[in-house]
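Protein chains: 2
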Amino acid sequence: MDIRKVMKPRSIAVVGVSDRKGSFGNYAAQNALRGKLGEKVYFVHPKRQELLGKKCYPCISDLPEAVDCVVLCTPSSTIIPLMEEAGKKGIGGAVVFASGFSEERDEAGKKLEKRLIEVAKTYDMAVIGPNCLGLMNNVDQVMMWGLDTKFEFNDNTGVGVVGQSGFIIKHLSEAGFGMSYMASTGNGNIVTIEDVLLFYAQEDAVSVIAVYLEGIKKPEIFENALKTAAEKRKPFIVLKSGRSKKGAAATASHTGNLAGDSATYDAIFEKFGVVVAEDFADLIALTRMFTVLKGTLAEKGTLASLNLSGGETAICADICEKYGLVHPDFDANVKKAVMELLPPFATPNNPLDATTALMYNVEGNKKIVKALLESDEIGIITLGINIGLGKHLVVENQINAACAAVEESSNKKPIFAVSSFEGTRNRDYLEQLERHGIVMPSGGEKAYRQIAQLVKFSQYDPSKCTLSFAYPSVDNAAKQTVALSEYDSKEAIKEAGITISKQAVVTTKEELKTVLEKEFSFPVVLKVSSADILHKTDAGGVKLSIQSQQEALQAFDEIMVACKNYMPDAVIDGVLVQEMAPKGIEIIIGISNDALFGPMVLVGLGGVFVEIFKDVALYPAPMNKDEALGMLKKLKAYKLLTGYRGSKPADVDALAETIVKISDYAAKHRDTLKELDLNPVFVYEEGRGLSVVDALLIQYQS
Amino acid sequence: MDIRKVMKPRSIAVVGVSDRKGSFGNYAAQNALRGKLGEKVYFVHPKRQELLGKKCYPCISDLPEAVDCVVLCTPSSTIIPLMEEAGKKGIGGAVVFASGFSEERDEAGKKLEKRLIEVAKTYDMAVIGPNCLGLMNNVDQVMMWGLDTKFEFNDNTGVGVVGQSGFIIKHLSEAGFGMSYMASTGNGNIVTIEDVLLFYAQEDAVSVIAVYLEGIKKPEIFENALKTAAEKRKPFIVLKSGRSKKGAAATASHTGNLAGDSATYDAIFEKFGVVVAEDFADLIALTRMFTVLKGTLAEKGTLASLNLSGGETAICADICEKYGLVHPDFDANVKKAVMELLPPFATPNNPLDATTALMYNVEGNKKIVKALLESDEIGIITLGINIGLGKHLVVENQINAACAAVEESSNKKPIFAVSSFEGTRNRDYLEQLERHGIVMPSGGEKAYRQIAQLVKFSQYDPSKCTLSFAYPSVDNAAKQTVALSEYDSKEAIKEAGITISKQAVVTTKEELKTVLEKEFSFPVVLKVSSADILHKTDAGGVKLSIQSQQEALQAFDEIMVACKNYMPDAVIDGVLVQEMAPKGIEIIIGISNDALFGPMVLVGLGGVFVEIFKDVALYPAPMNKDEALGMLKKLKAYKLLTGYRGSKPADVDALAETIVKISDYAAKHRDTLKELDLNPVFVYEEGRGLSVVDALLIQYQS
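Residue numbers (our numbering), protein chains in the order written: chain A, 4 to 705; chain B, 4 to 705.
Errors might be hidden in some of the hints.
Treat identical chains as interchangeable: a pair holds within one or across any two.
Below are the DSS-like pairs computed for lysine-lysine, each with C-alpha atoms no more than 30 Å apart in a straight line [unchecked claim]:
no.: 1; residue 1: 114; residue 2: 339
no.: 2; residue 1: 636; residue 2: 325
no.: 3; residue 1: 325; residue 2: 221
no.: 4; residue 1: 248; residue 2: 339
no.: 5; residue 1: 467; residue 2: 235
no.: 6; residue 1: 642; residue 2: 114
no.: 7; residue 1: 339; residue 2: 113
no.: 8; residue 1: 512; residue 2: 628
no.: 9; residue 1: 671; residue 2: 467
no.: 10; residue 1: 297; residue 2: 117
Simulated from the structure, these hints should not be mistaken for lab results.
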């Protein structure tokens with residue numbers, strides 16, 4: 004299918020046009036006429052001769068040309084025959100508004116959607132919907148939208164929006180700033196949301212991508228979209244829903260999308276530098292921020308903040324600290340500009356309480372902003388300007404000062420006009436600010452959270468990340484799984500280049516004696532080897548710190564007796580002999596193979612750190628050493644690895660290398676691996692490496 | 004001083020009235036005339052005969068009566084003589100706008116403020132300011148305000164606002180909902196912010212208290228204000244600034260207030276059920292919420308949420324889970340109301356995606372809200388209504404449905420109209436909602452955070468808390484401190500009723516032999532007793548697990564030799580002998596005596612839990628057992644105390660009792676105690692108590 008047939012159609016036919024107010028057919032007909040296609044918009048109605056002054060064709064077959072896209076405004080029962088008619092005519096795209104498909108609880112809807120997918124496949128058609136509101140293309144000025152809208156075609160801002168909720172797309176399109184493309188994908192089984200995202204990532208007219216995401220279906224397309232956007236440094240802003248149990252249920256009944264595990268999505272987002280929004284308002288504000296900035300990023304993560312009141316200044320400082328935003332001291336130039344203009348008792352601190360001195364001194368205010376634009380210490384400037392609905396002299400002075408500074412300076416930095424309050428902003432002020440590239444974020448605390456997101460995006464470097472994940476190429480959902488023994492699990496990860504302690508399985512005491520004499524150094528460990536006995540310690544099947552052959556032979560007997568008592572029917576393969584690893588810092592490395600995104604690597608310090616504090620890092624395989632180190636640094640317990648309370652630093656380097664190897668192994672075996680746990684791994688002092696003490700590999704059976 | 008002279012004056016004189024636009028004297032004169040005092044407002048000007056049609060008296064002495072309060076609009080240099088004149092006249096209150104006092108960096112301002120405080124004391128005058136914007140009293144309609152304001156006298160809402168920033172008071176007063184009192188306290192060294200808070204707590208006309216707080220000065224007044232408000236169940240909403248280092252610096256240069264430790268304030272707030280705001284917008288929204296609710300609280304913490312779109316529903320569910328808000332299943336009645344009105348494919352889930360079915364069905368929507376008002380399962384109702392500036396049919400339908408439900412139901416519950424977006428709300432809609440007691444919180448995520456604050460406030464029970472803290476009655480700032488030895492520290496806490504292991508200090512081996520024979524059971528511990536040796540273990544001064552007399556005698560010698568080698572000049576008192584406590588779960592109990600608020604109790608699990616994860620609870624002494632248990636339950640590591648991974652539950656009861664005893668001890672010794680650390684305490688299995696293994700008491704020297 005060619006997605007451009009729906010995203011950038013050169014001709015369209017609205018099928019089922021209507022003059023009944025409030026109907027899809029009425030809205031879609033009116034909206035279609037608003038665009039630039041002119042004669043390339045056709046109307047189809049079985050009985051009407053004309054509507055809204057436009058000729059109606061009785062059916063799709065009668066159209067004078069094979070249009071790029073049909074807009075089907077009719078109920079679900081009519082969709083399949085219409086699609087077939089369009090397909091036969093050679094039409095490559097369709098928008099389907101009707102609900103009554105896979106989002107319904109009954110089987111009929113699901114069957115209907117399946118049939119729709121088949122027809123689309125047969126005729127190689129790109130279909131947006133069903134159960135959607137359609138799309139708008141402001142680049143070519145085409146509107147295929149099934150609802151009333153306040154959106155006006157205007158200058159392209161480069162924003163591409165897509166969402167699995169018509170509601171959010173409608174609100175984004177009416178938020179008062181131009182967008183280049185908007186699409187509501189509805190059930191999205193043919194043209195999926197990730198298809199649209201890839202289109203945006205590749206399309207030159209799109210420079211900022213915003214998405215409301217419930218779930219995805221084609222990981223390979225999603226990966227490509229994320230990778231392309233990351234490489235082109237297009238901000239990719241996502242509001243992901245279905246993070247909670249109830250939220251996931253809501254998305255399932257909404258568009259039939261499975262929300263997927265929230266932590267997995269966040270790990271994917273982390274890898275590709277995706278900007279994560281907290282709610283709809285945040286999605287809009289972040290999108291607007293990147294749009295207004297037009298590619299200006301923060302070269303440094305440092306802030307300078309000017310406020311007019313002490314209260315504002317104190318709160319600004321508090322919130323910035325909370326979000327990790329740093330206010331360095333002003334340099335001499337800035338201090339000079341400040342001291343020239345402030346009363347003698349004011350202190351040139353950052354954040355600055357400019358008192359009332361700057362309220363009416365536009366020139367002085369401008370000089371300070373200019374000095375900040377030229378200061379090497381400062382990455383971002385925030386100005387406390389409380390813009391409300393009405394006009395206000397002080398506000399106007401502040402805005403004029405900031406805009407004049409921007410005009411007079413050759414340096415570009417992100418500048419924010421931060422209001423302490425919520426509310427709709429005066430449109431004139433907003434336009435003036437945005438024309439000068441100055442952002443007006445959300446009010447209050449959220450402003451600084453959004454600024455922190457900008458800093459994070461500015462510091463993200465796609466060249467340092469492996470821009471891929473290892474989605475499985477087969478569907479393992481229905482397969483049986485098998486857990487390998489510790490011996491086999493460890494032999495398997497040898498393939499990954501991981502050194503494991505010497506090990507052997509022996510079935511008799513004679514064998515044990517032979518291997519101990521030939522191959523092993525004491526102390527050793529003996530463990531029962533049996534697929535039936537899961538809790539070896541409980542069964543009396545583990546003997547640690549064995550120092551001699553004699554001890555070992557006795558331990559062999561004790562294990563056999565204890566395990567037969569514990570589970571008389573257990574099939575016992577023998578006893579696993581291993582050289583015993585000295586104690587080190589206990590680490591857990593776990594892999595879980597996500598059906599959509601492939602192996603996800605989890606790292607944490609063993610025991611309560613993972614279990615009580617949930618202090619773990621999650622990241623998609625494969626990864627490079629920088630990324631593995633990044634995972635470790637995200638752990639609160641990381642301090643324990645770098646020399647805590649006088650202990651020597653641990654071999655973080657060896658640990659990171661092991662994580663890379665394990666993630667490569669998991670990526671390679673994406674189609675067969677279900678889970679892999681190295682638990683515990685003992686990490687030793689710097690330069691002394693680590694030991695994989697226990698391993699468990701679970702595979703899908705083919 | 005009588006604070007009512009400034010808060011509720013029956014007569015005022017504005018001194019330094021002026022017709023110069025933008026001056027304090029001009030604003031204050033105009034504002035004074037707007038109130039109800041009429042003839043009881045006097046103007047004072049040395050030369051003018053009249054201003055704004057009002058007679059001017061040449062000086063304060065010439066006033067025909069001793070007014071309750073003078074409003075001084077003149078510069079700092081004139082304030083002392085004017086105050087003296089007023090004092091001699093018998094005037095009991097003053098408002099001072101001028102800056103140039105203790106907020107300045109130089110000594111002159113600080114001296115001037117000191118002088119002002121002395122004069123106020125001499126004449127027993129209540130003074131608001133200096134460096135303030137004044138106050139407004141909407142109950143008696145008196146305005147002593149030094150700036151222009153859009154505030155109009157109106158119906159009293161019962162809100163009392165006070166802040167250490169004129170900026171925030173100005174914005175709150177113009178936020179569009181009535182307030183009963185507003186005060187900007189400025190430097191606030193005479194009438195402090197806590198004096199105003201106590202006035203609000205006691206005043207019947209005030210039912211909701213909102214404060215922007217940088218710091219307090221009179222803990223006894225603050226305690227009384229908090230206690231009174233808590234007992235009367237008046238919501239006490241605070242935005243505390245100076246939480247960060249930079250923020251504290253900003254408050255210090257702003258009004259000369261020391262911000263104090265943020266965690267300490269939060270612990271105080273916790274004890275008194277204070278509602279904590281995150282920023283100015285949040286302070287306004289929370290204040291408005293409690294004002295609109297007029298005392299209606301959430302009987303249960305459970306939510307029912309109705310939204311019109313699947314996207315909104317999913318996001319609502321996600322955010323609620325994040326804030327711990329629970330959506331129970333609907334009961335049969337609600338389900339029936341929902342199923343009657345929704346299309347067959349909709350699911351009566353909570354949160355409910357009502358699809359588009361309810362957009363135009365006011366009657367059906369109303370029935371659902373009514374059913375929710377009557378449902379025992381539901382404490383709070385949220386309705387997704389996206390109110391913007393303009394009018395909108397769907398919004399209007401939703402509002403009408405909700406209001407009709409409120410009118411027709413005899414049940415009262417908090418109801419919220421939640422918008423997914425930021426922005427100024429349509430005034431008509433807002434008024435209609437608020438008239439029906441329906442709250443319009445902040446947009447998006449913040450709405451649910453505010454609802455979670457309501458739930459917390461609703462569940463707070465003042466009768467279960469010790470509504471006091473143990474502020475010291477002396478100033479210890481300049482005093483020397485002394486650290487007691489372990490022996491003395493432990494003997495001291497015996498007074499608190501805490502059982503400690505048997506201990507003795509011996510100076511010779513003979514003494515050691517005697518005490519071991521008479522009093523002690525093995526195993527014992529020997530530790531060097533010396534104020535000079537702080538790190539006993541490093542010095543070789545600790546011997547654990549001593550099982551016999553012979554071992555003990557040898558250990559004595561070894562300790563003496565090692566310590567003399569370690570620090571030849573150390574004065575060694577002898578050796579401390581203790582029965583050795585068996586190992587238990589390691590707990591730290593620490594007390595730090597805050598100069599303002601008195602002893603603060605810190606509890607955490609030992610080692611990395613405290614040091615790496617900062618998993619500690621802080622609470623002011625004294626406390627009861629419920630509060631001590633509450634502290635423990637706030638620890639993430641609490642799970643380790645209640646039986647983790649098959650281990651038996653620990654003696655949480657004994658631990659809570661020990662915390663109570665220690666906090667009582669600390670409260671009793673508030674004037675002499677500096678720090679007390681029980682570290683570690685070993686807690687044993689349920690019923691087996693605990694052992695205080697080490698203790699360190701630091702006292703102020705008198």
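List, from low to high, the hint numbers that the structure doesn't satisfy. Numbers 6, 8, 10, in rising order.
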